[in-house]
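Chains as they are written, first to last, in our numbering: chain P, 2 to 642; chain G, 56 to 261.
No false leads were slipped in.
Short, incomplete list of chain G residues facing chain P, as computed with Cβ under 8 Å:
{"#": "1", "residue": "Gly-100"}
{"#": "2", "residue": "Val-179"}
{"#": "3", "residue": "Ile-187"}
{"#": "4", "residue": "Arg-210"}
As a list, the in silico DSSO-like pairs of lysine-lysine whose alpha-carbon atoms are at most 30 Å apart:
{"#": "5", "chain 1": "G", "residue 1": "Lys-130", "chain 2": "G", "residue 2": "Lys-57"}
{"#": "6", "chain 1": "G", "residue 1": "Lys-143", "chain 2": "P", "residue 2": "Lys-503"}
{"#": "7", "chain 1": "P", "residue 1": "Lys-58", "chain 2": "P", "residue 2": "Lys-47"}
{"#": "8", "chain 1": "P", "residue 1": "Lys-335", "chain 2": "G", "residue 2": "Lys-130"}
{"#": "9", "chain 1": "P", "residue 1": "Lys-184", "chain 2": "G", "residue 2": "Lys-112"}
{"#": "10", "chain 1": "G", "residue 1": "Lys-57", "chain 2": "P", "residue 2": "Lys-340"}
{"#": "11", "chain 1": "P", "residue 1": "Lys-543", "chain 2": "P", "residue 2": "Lys-497"}
{"#": "12", "chain 1": "P", "residue 1": "Lys-553", "chain 2": "G", "residue 2": "Lys-180"}
{"#": "13", "chain 1": "P", "residue 1": "Lys-444", "chain 2": "G", "residue 2": "Lys-143"}
{"#": "14", "chain 1": "P", "residue 1": "Lys-540", "chain 2": "G", "residue 2": "Lys-112"}
{"#": "15", "chain 1": "G", "residue 1": "Lys-178", "chain 2": "P", "residue 2": "Lys-565"}
{"#": "16", "chain 1": "P", "residue 1": "Lys-321", "chain 2": "G", "residue 2": "Lys-249"}
{"#": "17", "chain 1": "P", "residue 1": "Lys-553", "chain 2": "P", "residue 2": "Lys-497"}
{"#": "18", "chain 1": "P", "residue 1": "Lys-185", "chain 2": "P", "residue 2": "Lys-169"}
{"#": "19", "chain 1": "G", "residue 1": "Lys-112", "chain 2": "P", "residue 2": "Lys-365"}
{"#": "20", "chain 1": "P", "residue 1": "Lys-540", "chain 2": "G", "residue 2": "Lys-143"}
{"#": "21", "chain 1": "P", "residue 1": "Lys-321", "chain 2": "G", "residue 2": "Lys-222"}
{"#": "22", "chain 1": "G", "residue 1": "Lys-215", "chain 2": "P", "residue 2": "Lys-529"}
{"#": "23", "chain 1": "P", "residue 1": "Lys-413", "chain 2": "P", "residue 2": "Lys-605"}
{"#": "24", "chain 1": "P", "residue 1": "Lys-431", "chain 2": "P", "residue 2": "Lys-137"}
{"#": "25", "chain 1": "P", "residue 1": "Lys-47", "chain 2": "P", "residue 2": "Lys-115"}
{"#": "26", "chain 1": "P", "residue 1": "Lys-64", "chain 2": "P", "residue 2": "Lys-93"}
{"#": "27", "chain 1": "G", "residue 1": "Lys-178", "chain 2": "P", "residue 2": "Lys-553"}
{"#": "28", "chain 1": "P", "residue 1": "Lys-359", "chain 2": "P", "residue 2": "Lys-68"}
{"#": "29", "chain 1": "P", "residue 1": "Lys-497", "chain 2": "G", "residue 2": "Lys-137"}
{"#": "30", "chain 1": "P", "residue 1": "Lys-602", "chain 2": "G", "residue 2": "Lys-180"}
{"#": "31", "chain 1": "P", "residue 1": "Lys-298", "chain 2": "P", "residue 2": "Lys-169"}
{"#": "32", "chain 1": "P", "residue 1": "Lys-328", "chain 2": "G", "residue 2": "Lys-57"}
{"#": "33", "chain 1": "P", "residue 1": "Lys-413", "chain 2": "P", "residue 2": "Lys-497"}
{"#": "34", "chain 1": "P", "residue 1": "Lys-64", "chain 2": "P", "residue 2": "Lys-149"}
{"#": "35", "chain 1": "P", "residue 1": "Lys-129", "chain 2": "P", "residue 2": "Lys-93"}
{"#": "36", "chain 1": "P", "residue 1": "Lys-620", "chain 2": "P", "residue 2": "Lys-581"}
{"#": "37", "chain 1": "P", "residue 1": "Lys-620", "chain 2": "P", "residue 2": "Lys-572"}
{"#": "38", "chain 1": "P", "residue 1": "Lys-149", "chain 2": "P", "residue 2": "Lys-105"}
{"#": "39", "chain 1": "P", "residue 1": "Lys-540", "chain 2": "G", "residue 2": "Lys-140"}
{"#": "40", "chain 1": "P", "residue 1": "Lys-149", "chain 2": "P", "residue 2": "Lys-115"}
Hints are computed from structural coordinates only; laboratory data are not their basis.
Quick caveat, the model's predicted, so the values are computed rather than measured.
All C-beta atoms in this analysis are idealised placements derived from N, C-alpha and C, irrespective of residue type, glycine included.
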Amino acid sequence: MEKIKRLSSRKDLEKLRQEIKNNRDPRQRIVSVSVSTCCVALGALKVVEAFKTELEKQGLKDKVRLKDTGCSGFCEQGPAVTIYPEEIFYFKVKPEDVPEIVTKTIKGKQILEKFLYRDPATGKRSRKLQDIPSYKHQLRLLTENSGKIDPRNIEDYIAVDGYSALEKTLFEMSPDQVVKEVKKANLRGRGGGGFPTWIKWETTRNAEDEIKYVIVNCDEGDPGAFMDRSLMEDNPHSVLEGLIIGAYAIGAHQGYVYVREEYPIAAENISIAIKQAEEFGLLGDDIMGSGFSFRVKVHRGAGAFVSGESSALMTAIEGKIGEPRPKYVHTAVKGLWGKPSCLNNVKTWATVPLIVLKGAEWFKSIGTEGSSGTAIFSLVGKVNSTGLVEVPMGTTLGDLIFKIGGGIRGGKRFKAVQTGGPSGGFIPEKHLDLPVDFDELNKVGSMMGSGGMVVMDEDTCMVDAARYFVDFLLEESCGKCIPCREGLQVLSNTIKDICEGKGKDEDTLGIQDIVTTMEEASLCALGKTAANPVLTSLKYFKDEWDDHIRNKRCTAKACRALIKYYIDPQKCQACMLCLKECPVAAIEGGKDQVHSIEQEKCTKCGACYEACKFDAIRKLSAEPVPPPPPKGMKPIRKRKN
Amino acid sequence: MKNLTLRIDDKDIPANEGMTILEAAKNAKIEIPTLCHNDELEPYGACRICSVEIERKGRTQLVASCCYPVEDGLKVKTRSHKIDKIRKTIIELAAVSAGIDVTGRMRELASEYNADLSRFRSKVKTDPTKCILCGLCVRRCIEATWDTAIGFIGRGVTRKIATFPEKVSVCTNCNHCYSVCPTGRISSIGADPKFPEVDDILAGRE
Chain P
2 MEKIKRLSSR
12 KDLEKLRQEI
22 KNNRDPRQRI
32 VSVSVSTCCV
42 ALGALKVVEA
52 FKTELEKQGL
62 KDKVRLKDTG
72 CSGFCEQGPA
82 VTIYPEEIFY
92 FKVKPEDVPE
102 IVTKTIKGKQ
112 ILEKFLYRDP
122 ATGKRSRKLQ
132 DIPSYKHQLR
142 LLTENSGKID
152 PRNIEDYIAV
162 DGYSALEKTL
172 FEMSPDQVVK
182 EVKKANLRGR
192 GGGGFPTWIK
202 WETTRNAEDE
212 IKYVIVNCDE
222 GDPGAFMDRS
232 LMEDNPHSVL
242 EGLIIGAYAI
252 GAHQGYVYVR
262 EEYPIAAENI
272 SIAIKQAEEF
282 GLLGDDIMGS
292 GFSFRVKVHR
302 GAGAFVSGES
312 SALMTAIEGK
322 IGEPRPKYVH
332 TAVKGLWGKP
342 SCLNNVKTWA
352 TVPLIVLKGA
362 EWFKSIGTEG
372 SSGTAIFSLV
382 GKVNSTGLVE
392 VPMGTTLGDL
402 IFKIGGGIRG
412 GKRFKAVQTG
422 GPSGGFIPEK
432 HLDLPVDFDE
442 LNKVGSMMGS
452 GGMVVMDEDT
462 CMVDAARYFV
472 DFLLEESCGK
482 CIPCREGLQV
492 LSNTIKDICE
502 GKGKDEDTLG
512 IQDIVTTMEE
522 ASLCALGKTA
532 ANPVLTSLKY
542 FKDEWDDHIR
552 NKRCTAKACR
562 ALIKYYIDPQ
572 KCQACMLCLK
582 ECPVAAIEGG
592 KDQVHSIEQE
602 KCTKCGACYE
612 ACKFDAIRKL
622 SAEPVPPPPP
632 KGMKPIRKRK
642 N
Chain G
56 MKNLTLRIDD
66 KDIPANEGMT
76 ILEAAKNAKI
86 EIPTLCHNDE
96 LEPYGACRIC
106 SVEIERKGRT
116 QLVASCCYPV
126 EDGLKVKTRS
136 HKIDKIRKTI
146 IELAAVSAGI
156 DVTGRMRELA
166 SEYNADLSRF
176 RSKVKTDPTK
186 CILCGLCVRR
196 CIEATWDTAI
206 GFIGRGVTRK
216 IATFPEKVSV
226 CTNCNHCYSV
236 CPTGRISSIG
246 ADPKFPEVDD
256 ILAGRE
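Between the sequences and the hints, there should be enough to build the whole structure, so can you do that?
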């Protein structure tokens, strides 16, 4: 690349964009490998290395451009490789596959069926992204360029009209007009609360102080949520552009990006983006000669879930312990270092350029009456295709789980879906028609939260699931206020007792008192919402709680203390598999001898259950275990058809 | 400073802008219980005992009166069945870690709100600490010494108050911490038993 010229006018940006486009040949052969966190975990870096070696070996080094991109959203199908210009999408590529791909696809122009996307539900393969069932039902606005552009190359972003919205803002709009546009678009906080963004902006703007701050909240800590990470890794410039536009509207000249410690690639990519934007004159003093100056610093969190709460996050940036404070005076008036501070989620900032560029009317036309635009979910749990999905607000839960998620794994029955992270509620089957937006989810006792979506099937015990999330929050509570600190501790132990069959009728009364107190009187939103999993579990799955407490029975047969494993002698084929798998040698029997479990030795780890290929092992709860088969009993062989 | 009027328990109460509900109530001789509040110190909002019900735009919500700034015409209720029950539960929860042998203000409030200090205690098998982590001693120490001999360490249920060995000399036995402690964790001769040292906690000796 030639020496970068600092852009000093809007014309410069247009000129640069044209130059970049002219220099790019649409027929250029490109191999792009996704190197976002999930793909890296699945070995993407080795795939990149393999391509490097192989392209050199086959003499294609100068003809083929190897490009690192972000995530296309099919997280469990990684590492993902895309070959341009034909746009062939290959998944689950291993380093040893690379020579074949280079020889056959890149040189020989042949499509290798075995690397194409395979629908986990139907087994059908798709050549184009648009043909993939889960992709077809999405509307990708924020994630449109994820997986297409190199997040560490500002030119890639500029080539797809990046920074046009900033240019329009600085040269055609007054700060007031920007706020009005965001208001007209009805943009609501993507961090989960759904608070109207323009109110935050206007409050900060009108607050009487010379110094103001804008902050990006990327402290996404929910188990199973990775939307913010993905955007920051795959398209950091979009977040940065939104932040600069917001700073201009609010009148801030300093911004912070708070990235949690566990997201090293996100922190690195946004830092690179900031540096590049500064070099190009899109950040810093007198941006593109507009007279507006703005700087950004990256702050890395120290790994506390509660730091995602705005006041705690700001205390953490100040260098103190990240603990929330009462927010009766909003952070928009008195925030970071006592100055008016506007904090928005990663996705909220990234939406701003789209609104500025395409207009509020366009944005409002997507989604529902009360919630405009799209929502990004990380769809995980017991669905066939897990991954990152973006849909218009108002898409039903059922469509998300069955059309996009491809239904429940292994043909099991859907039981509940938890939205909004650990402090979201469980939503049962009867609400599958619920259109997903900020208001509808609240009505059924859950929330949008940051967009985590955990699907549970018939094998999930709802009491145990409540315990799991309570335990997570117990670990993450900062401990400042009594209801959250002590309440979670008692809840955790009480529910643990219930899961172990030691629950009493009065326990639910105690739980009720605690959850009400936590909801009403906790200091911050973490404590106030921490009871949601317990509340909704009690509300929609009360019979499971009663079953545990009164009958000492786990309805889903998941709670270890309440189940026993039993081998059905009629079905056992004496294959020895479970016998070998059992870690405590609790299974008796031998070759050609029906197996049985010694209940006293069994630790109920479930290894035998997983190993059995004949469906011979059953879980029993609150029912007597039949006596073991007579010693030496021969298996009843299945007839081969 | 602007004068304004709010309604606490159906009485018009005059107040100044910038006051908290708790301050306005105190001036009007309306008592709201507190465990982590001290007039001399910055509001902290950790014990939540001072929660009161306010009505705003037709919606009621519970807020901590020690932190909530007064507004003109704000309607406040300081006692109701719901508030009392929540205060009772908070005291019962506070006793989970602190134990039943507390004295002082916490003991008084427990009897006033009929709190059963052993109600939830049976669910948790830890030694009683006699401390509800209200932070009064820590905050008072900072004010008294312009430094501090004690501070918080840990998070969630592992949160505790500890001494910094290199700051022992800061303590002049001024006894301010004793005077503010609401549970009897700190006696007239200092914390009894002594607070653990930060180094011991970090080294896993505590």
